[in-house]
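**Student:** Quick mapping for you: the protein sequence lines, in order, are chains L and S. Mapping to the working numbering: the first sequence position 570 is 570, numbers consecutive. Mapping to the working numbering: the second sequence position 65 is 65, numbers consecutive.
If you are wondering where the hints come from, they were derived from the structure by calculation, not from laboratory data. Be aware that a few hints might be false.
What the hints assert, rightly or not - Facing chain S, according to a computed beta carbon distance under 10 Å, are these residues of chain L, among others:
1) K119
2) A147
3) F275
4) R278
Stated by the list, open to error - Derived DMTMM-like pairs (lysine to aspartate or glutamate); straight-line CA-CA distance at most 20 Å:
5) L/K500 x S/D203
6) S/K247 x L/E322
7) S/K17 x L/D391
8) L/K546 x S/E236
9) L/K439 x S/D249
10) L/K532 x S/E16
11) L/K493 x S/D249
12) L/K103 x L/E132
13) L/K543 x S/E274
14) S/K164 x S/E11
15) L/K507 x S/E274
16) L/K388 x S/E274
17) L/K500 x S/E263
18) L/K463 x S/E264
19) S/K228 x L/E106
20) L/K536 x S/D249
21) L/K537 x S/D249
22) L/K493 x S/E31
23) L/K500 x S/E236
24) L/K28 x L/E132
25) S/K283 x S/D312
26) L/K483 x S/E240
27) L/K463 x S/E263
28) L/K493 x S/D68
29) L/K286 x L/D227
30) S/K255 x L/E132
31) L/K465 x S/D270
32) L/K542 x L/E511
33) L/K454 x S/D312
34) L/K524 x L/E459
35) L/K500 x S/E274
36) L/K129 x L/E113
37) L/K486 x S/E263
Stated by the list, open to error - Looking from chain S toward chain L, a few residues come up when the C-beta cut is under 8 Å (computed):
38) E117
39) I153
40) I156
The structure presented is a predicted model; accordingly, all values stated were derived computationally and were not measured. We put the CB at the ideal spot given by N, CA and C, even for glycine.
The residues making up each chain are set out below.
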Amino acid sequence: MSVASSKRLPWTEQFRPRSLDEVILTRKQREQILGWWRAWIVLWNMNKFWLNTYFTAWRKFIVTDVGRYWYRKYISKWKTFFRSKFDSWISIMSAKGKENQAKLFEPVGRGKEISTDLKKNAEAEIKNKLEEIWNKFLDEIKEQAPAIPPLTPYKPLLLVGPPGTGKTSTAYALGWQEGVVIVEFNASDRRNAAVMKDVVNEALKSVGFIFNHGSKPSRIVLLDEVDGLSSIDDRGGFSALLKLIEETKIPIILTANIIHDRKVRFLMRLCINVFLDRPQEYQAIKLINRIIKAKKIEMSEENIKKLAKYAPDFRTIIEALEVYYYTGVLPTLFRDEMLSLQDAIRYAFSMKAENEVSTFLNVIRNLSAITDMDLGTIILWIWENAYKFLDRKKGLSAFYDLLAYADYLYKVGSRNQLWRIAYRDASNILAYALTKYGKKVNNIWALRRIRVEKPTIMEGLMKLKTLIEGEGESKGLRPLLEKYAKYTHISRKDAWYELKFLSLIAKEKPENIGKFFAKLDLSKDSLEIFCKNFIKKDSICKKLLKAFEDSKGKIRLEEHLAEFSKRGKSVSNREASFKKGEQKGRKGTLDDFFG
Amino acid sequence: MIVLSTTELEEVLWVEKYRPKTLTEMINQEEVVAALKRFVETKNVPNMLFAGPPGTGKTTAALALAHDLYGSNWRNYVLELNASDERGIDMVRTKLKDFARTRVSGEIPYKILILDEADSMTREAQHALRRTMEKYADITRFILICNYSSKIIEPIQSRTAVFKFRKLSDKDVAERIRYIAEKEGVNVSEDGILAIIEVCGGDLRKAINLLQSVAYMNEKIDRSIVYKTAGLVYPETVVEMIKDAFKGDFEKARKELIRALVEEGVTGGDLLQEFYRILNSDKVITLNLDDKIDLLKFISDLDFRISQGATDYLQLTALLAYIADLGNKYRNKA
């Protein structure tokens, strides 16, 4: 790449890795990815052999009656049989599979690592293996067939991890390194059933087979961000994806952010899963040093450490360095507050030793500084999620008591402006409680699989408050409660509890309740709120509202009559005064009479 | 304003329909009623404090007294304030005082101020009240109503005649229920009446409400129907929570707690009271003495924390966890 063009590219593109070695991966991750790729190479060669040797015979067999019968009866059995045998032979998930891969591929270096180039005699071995599997199958079903049916594809590779941890880069790096074309479909494309069909066609294109005589697959389909498959816009996309996995003849790489997504959970059972974690400190430093060296940036040791410690992912590191290069300032690093908080919770529960307590306190301090989250909210988050992280053997009550106590200290402390109690004491107790009662795990991924949920109780309580107190124009249920409480001589709180009883009666006798509410002189607004939240059935609500309107009219009429009779009285009063005035000698006027 | 006098609409709520209008109609609390009747006869009503559990007729007695004293115009002489009304110290110093010092003309020279649920007033407000009570004693009489007389400050207690309303006996409740059922033409079996009493205890208000909802939904009322409806009107949320937690399903209990707070709108304080009542009565789980003492001590601790402003659901979760651990302990023993 020329210098001129590289200057115009953003750094994230400039530093996109060109081989797997450049991607910052752990040894295990690298082995998983390469092992998966080797398995596909083996299958590719098997397929090629099958095409050359058995394809024609199979085509002829399948159109005969016997062939059709055989196909219907045995094809799915054959597919499962083949898959399980192939898996146990070459799968990277088993030790035996690794051994077999080492037998088939050329060794590199001191013989500990193997490349993706097949050995010279490997093809023959692959052919033998296929025929061996086929013969075993025939033994099992005891029904002959003249040719081997098509083979089952190997599993796709699923890369899971937070944004910016190098999922897409890994896929492209593999492509670059192996000279394979990556066909990418990502969230910016629509991925409904029709589009997926195109992907399927792409994946099934036999062109790749017939004209590619190389020993490796010619392309890889990359489906980026599968958890972003929308169930509305991408209707049918997911089932098409499953079908694709079932039938593809070329390798597929899937990527996903959220491990808890239902679709992703499902896919994990069908794929080789590689988890790309947030960078460890040493990994981040490795990347920072590489970029600093390439761009000749001068950066203090302290800044490097800070960046390595707080940067949530690789992409952020590169972007931050780019900003630093041009401005000399390091940007704020917590890009996604929610994500950081969730990880902080996980981290909090995975603390193993007392000396980590101070680290946790730092986490809290940083969180409150950066995300505006007060200790109360952090306590709430821990309360919502604690049960998933607790070591059940140690009992629940001790932990929850400490949590409740921390909350008490925080609330009472901040109410009385005793900040030492509200913050130092409360967070210390919280930190020690977490250290003592949390699950002890070695692998942070074991906790990553536990979903950290947002506490919803505050929203629920707010909603309840809106229901009662109203919002904006609406006055909520408050007028109803007030009038009902007054009428029945109870408190508003008890009135709220009795609404359930009222709604029960309303379901049986909507007319009565409608009349009753009219009598309480309620506005229609609060009555509608009552209907919506307590009765819910439209037909009953309609009856109730109708009775309400009718009675309201009647009451108005009665009021009017009452007013009229009062007025009648006052008229007679005036009449009297009129007469009185007359008696007094003052001449009464009509104005006097009508007031 | 409520347009009661001008409308002839039929009374919908049975509680109101059958609320005794006069002291003679009151079926229970004989001693209290006898004393009140004497007051009416002599037309001399002291400041009074009515204390007793809910649904025992405290408010009814106060209203009936007013009715007997002033006749059909009684509403003009009575101001009723309950917990729903703003009753902070400001209110006592302004609105309440203004009412207290207005004179009324008529045969009886004073009016009556009923303070319902006086135990939910703050101490400061109660202190502010005490001078008012003395100062305008000639033109205003106070009736304070509360569940626990201990929650009323000493100076006020000493300025009032305290009447304790005892819990209604099952016989009284049964008699009243039978009376209402007969008037309304409801077919209720003896069994059903017993069931209503079991669900509502001595709370007549609750009992009548339950009877009304059952009666509307069913032709014939028996035991099973009462229990089915009672579950709808008075769901035993707390009992369920205790059962779940004790069984070891802590998370279910916690979810139920959230639901009760958010959907039923029960306050944390009320829930804790209910917890205390049920755990103390050994109704759902039976504990040995040591465990029970520790548990009640723990609950009072939580009660204190909530009263000081701690988050109620967090404190209640700690209680659920405590019960879960107790359940575990008892299971292991067995």
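**Student:** Now tell me if each hint is right for this structure.
**Tutor:** Consistency of the hints with the structure:
1. This hint is violated: L/K119 has a C-beta 55 Å from the nearest C-beta of chain S, more than the 10 Å allowed.
2. Hint on L/A147 is violated. Least Cβ distance to chain S is approximately 56 Å, over the 10 Å limit.
3. With its C-beta approaching chain S no nearer than about 27 Å, L/F275 sits outside the 10 Å limit, and its interface hint is violated.
4. Evaluation of the L/R278 hint against chain S yields a violated restraint, the C-beta minimum of about 28 Å exceeding 10 Å.
5. Under the criterion of a C-alpha separation no larger than 20 Å, the hint pairing L/K500 with S/D203 is consistent with the structure, at around 17 Å.
6. Proximity of S/K247 to L/E322 is assessed by CA-CA distance (about 58 Å); at most 20 Å being required, the pair is judged violated.
7. Under the criterion of a C-alpha separation no larger than 20 Å, the hint pairing S/K17 with L/D391 is inconsistent with the structure, at around 57 Å.
8. Taking the CA atoms of L/K546 and S/E236, the gap is about 34 Å. The hint is violated against a cut of 20 Å.
9. Our distance criterion of 20 Å between C-alpha atoms is met by L/K439 and S/D249, whose separation comes to about 19 Å.
10. This hinted pair does not check out: L/K532 and S/E16 have alpha carbons roughly 26 Å apart, beyond 20 Å.
11. The straight-line distance between the Cα atoms of L/K493 and S/D249 is roughly 30 Å, outside the 20 Å bound, and the hint therefore fails.
12. With a CA separation close to 17 Å, the supplied pair L/K103 and L/E132 stays within the 20 Å bound.
13. The suggested pairing of L/K543 with S/E274 is violated, with an alpha-carbon distance near 37 Å, which exceeds 20 Å.
14. Note on S/K164 and S/E11: the hinted pairing is violated, with a Cα-Cα distance of about 30 Å set against a maximum of 20 Å.
15. Of the supplied pair hints, the one linking L/K507 and S/E274 is violated, its CA atoms being roughly 29 Å apart against a limit of 20 Å.
16. Only pairs whose Cα atoms come within 20 Å are accepted, and L/K388 paired with S/E274 is rejected, the gap being roughly 28 Å.
17. Of the pairs offered as hints, the one joining L/K500 and S/E263 holds, with about 11 Å between alpha carbons and a cut-off of 20 Å not exceeded.
18. Among the hinted pairs, L/K463 with S/E264 is consistent with the structure: their alpha-carbon atoms are about 12 Å apart, no more than 20 Å.
19. Taken as a hint, the S/K228 and L/E106 pair is broken in the structure, with Cα atoms around 76 Å apart against an allowance of 20 Å.
20. About 31 Å separates the Cα atoms of L/K536 and S/D249, which puts this hinted pair outside 20 Å; it is violated.
21. Note on L/K537 and S/D249: the hinted pairing is violated, with a Cα-Cα distance of about 34 Å set against a maximum of 20 Å.
22. For the proposed pair L/K493 and S/E31, the alpha carbon gap of about 30 Å is over 20 Å, so the pair is violated.
23. About 14 Å separates the Cα atoms of L/K500 and S/E236, which keeps this hinted pair within 20 Å; it holds.
24. For the hint pairing L/K28 with L/E132, the CA-to-CA distance comes to about 31 Å; that exceeds 20 Å, so the pair is violated.
25. Restraint check: the Cα-Cα separation between S/K283 and S/D312 comes to about 24 Å, which exceeds 20 Å; the hinted pair is violated.
26. Restraint check: the Cα-Cα separation between L/K483 and S/E240 comes to about 33 Å, which exceeds 20 Å; the hinted pair is violated.
27. Annotation: proposed proximity of L/K463 to S/E263 holds, straight-line Cα distance about 9 Å (limit 20 Å).
28. Annotation: proposed proximity of L/K493 to S/D68 is violated, straight-line Cα distance about 29 Å (limit 20 Å).
29. Using a Cα cut-off of 20 Å, the hinted pair L/K286 and L/D227 is violated, with the two alpha carbons roughly 30 Å apart.
30. A threshold of 20 Å between alpha carbons decides the hint, and for S/K255 with L/E132 the separation of about 56 Å lies outside it, so the pair is violated.
31. The hinted pair formed by L/K465 and S/D270 meets the criterion: a straight-line CA distance of about 17 Å does not exceed 20 Å.
32. The straight-line distance between the Cα atoms of L/K542 and L/E511 is roughly 10 Å, inside the 20 Å bound, and the hint therefore holds.
33. A threshold of 20 Å between alpha carbons decides the hint, and for L/K454 with S/D312 the separation of about 19 Å falls inside it, so the pair holds.
34. Between L/K524 and L/E459, the direct Cα distance comes to roughly 27 Å. Violation of the 20 Å bound is thereby established for this hinted pair.
35. The hinted pair formed by L/K500 and S/E274 meets the criterion: a straight-line CA distance of about 19 Å does not exceed 20 Å.
36. Our distance criterion of 20 Å between C-alpha atoms is broken by L/K129 and L/E113, whose separation comes to about 23 Å.
37. This hinted pair does not check out: L/K486 and S/E263 have alpha carbons roughly 24 Å apart, beyond 20 Å.
38. At about 5 Å, the closest approach between the beta carbon of S/E117 and any beta carbon in chain L falls short of 8 Å, and the interface hint on this residue holds.
39. Taking 8 Å as the C-beta cut-off, the interface hint given for S/I153 is violated, the closest approach to chain L being about 20 Å.
40. Contact between S/I156 and chain L, as hinted, is not supported at the beta carbon level, the nearest pair being about 19 Å apart and thus beyond 8 Å.
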